[in-house]
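Colleague: What follows is the residue order along each chain.
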Amino acid sequence: MPEHEAEGQHGSPTWEVRDFLRRRREQIAQRWADESLFRAVFTVSRDEAVEAGRAVVEALAEVAGTGRPENPAAAGFTTVREQLGRMGAARARAGLTPAQISVEVDALRPPAVDLLVADFPDDAPAGFVRECTNALTALMGTLRLVVMETALNEGEAMLDRQRLQMLEVATPVIRLWDGIVAVPLIGTLDSARSQVVMETLLEAVVTEQARFAILDITGVPTVDSLVAQHLMKTVQAARLMGAECIVSGIRPAIAQTIVHLGLDLGTVVTRAGLADALGYALGRLGAGIVNAAPRGAEPR
Amino acid sequence: MRTAEGVEACLPIRSDMDLMWVRQHVRQAAARLGFGLVDRTKLVTAASELARNTLVHGGGGQMESARVTRGHLQGLRLAFSDRGPGIPDVDRTLSDGYTTGDGLGLGLGGARRLVHEFAIDSRPGAGTTVTVVSWALRPPHPREEM
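Line by line, the protein sequences give chains S and Z.
Under the working numbering, the residue at position 257 of the first sequence is numbered 257, and the numbers go up by one with no gaps.
Under the working numbering, the residue at position 24 of the second sequence is numbered 24, and the numbers go up by one with no gaps.
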């Protein structure tokens, strides 16, 4: 305890607020448990909500003790940051906009301020009461900031995770036949994705001993010059490893666009559909597909 | 008469993610204005090229989209603007195969062939604005009756 600091600041509004928060922790937590933010997040039991409220009040008291209630990076918030983030995220999942969540956090302020004002004796100097109220209001504003900030960071972290998942998940290599592999490309083929595609394809060429690799772009909505460049690099890399690449799934609209754009895919074997590409590859392997002879024509 | 709802917009171009938004927006706006599949694909591809130029060469900027009409024709105007270094030699930039980066050098020239109207306003040091217009050439199909 930094008692020596306490000497100089004794009676300062923020310290008064700190003492008030510690003194009335139970009452504040009880009131907050009835507010929509806590009620909606802790649906199982009210005790849980009160417990969470106590932790938040304690954190606020610690921040008030630093004398800087407006600092959202205060160490006091560390203990409850995860919990606040979970609460914000839970409300966001329930369909609330950031503004609505912000309003819910702000709804915690009036009960606390009411208790604070009621705690002062009638003859307390009005100026000091106002200063204390302001300090508590600033502190609650900071809490609001921390909740929003934490919720936003959570969201960003989730986006990053999803982006990584997209990279991992969206590039399966399918073995269609002995020596023939296919990669169905889906979605936007940006630089990061195309790098992953190239790596997985080249690895599959080795492990499957593939002579033919089919890149199917049916699921790629836009083929612009960058996407085409990525495709051609992949084709060239595969060719260096002794595998021939076939680009399939070129829709009519894409074909016309490629022509107008001036892209030269002349060196790449292309087919309209995956089946055509497979047929071509099988033919080149000498394993063409023939229709079964009709029953009547079978030699007896 | 189709409404221009959801067509007028101003989108930031600051990251690869924004390029995706630009393509999505152009695709939907063109569909609303009655563009056919081919014209829509062409316009989206042109927008993708131009937005990437804005991002890569202009250091980021924005795209404004607006509905334009001529007689009974409806069209989509897209303006890509940045405050980058500008283009010193516009004619050379438009020729195929010319590139300052490591791309194919087809972006600007290719985009010009994909749209009906194309204009570049570039001043060295002050930035570049590329404006394109495409028309929904066939009269819009009244989808409700199909």
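These are calculated hints, taken from the structure and not from any lab test.
As the structure is a prediction and not an experimental result, all values here were calculated from the model.
Don't take each hint at face value.
Stretches of chain Z that chain S covers, calculated by requiring three or more beta carbons in the stretch to come under 8 Å of a beta carbon on chain S [said to hold, decoys possible]:
1. 36-42
2. 45-54
Calculated Cβ distances over 12 Å to all of chain Z for the following chain S residues [what the hints assert, rightly or not]:
3. 35
4. 45
5. 100
6. 102
7. 107
8. 109
9. 134
10. 184
11. 223
12. 225
13. 228
14. 258
15. 259
16. 272
17. 287
18. 288
By construction, the Cβ of each residue, glycine as well, lies at the ideal position given by its N, Cα and C atoms.
Colleague: Beyond 12 Å from chain Z, beta-carbon-wise, is residue 272 of chain S?
Modeller: holds (15 Å)
Colleague: Tell me whether the statement that chain S covers the segment 36-42 of chain Z is true, taking a Cβ distance below 8 Å and needing three residues at minimum.
Modeller: Answer holds; 5 residues pass the 8 Å Cβ test.
Colleague: With a cut-off of 8 Å between beta carbons, are at least three residues of the segment 45-54 of chain Z near chain S?
Modeller: Coverage by chain S holds here, the residue count being 4 at a Cβ distance below 8 Å.
Colleague: Could you check that no beta carbon of chain Z comes within 12 Å of the beta carbon of residue 134 of chain S?
Modeller: About 38 Å separates residue 134 of chain S from the closest Cβ of chain Z, which puts it past 12 Å; holds.
Colleague: Would residue 184 of chain S pass as off the interface with chain Z, using Cβ distances and a cut of 12 Å?
Modeller: Its Cβ never comes within 12 Å of chain Z, the nearest being 20 Å, so this holds.
Colleague: The output says residue 287 of chain S does not contact chain Z. Does that hold with a beta carbon cutoff of 12 Å?
Modeller: holds (35 Å)
Colleague: Taking the closest pair, is the beta carbon of residue 45 of chain S still more than 12 Å from chain Z?
Modeller: For residue 45 of chain S, whose nearest Cβ neighbour in chain Z is about 41 Å away, the distance exceeds 12 Å, so it holds.
Colleague: Please verify that the nearest CB of chain Z lies beyond 12 Å from residue 35 of chain S's CB.
Modeller: holds (36 Å)
Colleague: If we take the beta carbon of residue 288 of chain S, is the closest beta carbon in chain Z still more than 12 Å away?
Modeller: Holds, since 34 Å exceeds 12 Å.
Colleague: Confirm or reject: residue 100 of chain S is not an interface residue toward chain Z, with every Cβ-Cβ distance exceeding 12 Å.
Modeller: The claim holds: residue 100 of chain S sits with its nearest Cβ about 24 Å from chain Z, beyond 12 Å.
Colleague: Taking the shortest Cβ-to-Cβ distance between residue 228 of chain S and chain Z, state whether it exceeds 12 Å.
Modeller: For residue 228 of chain S, whose nearest Cβ neighbour in chain Z is about 7 Å away, the distance does not exceed 12 Å, so it is violated.
Colleague: Determine whether the non-interface label on residue 259 of chain S survives the test: each CB of chain Z must be over 12 Å from its CB.
Modeller: violated (9 Å)
Violated hints, in rising order: 11, 12, 13, 14 and 15; the structure is consistent with all others.
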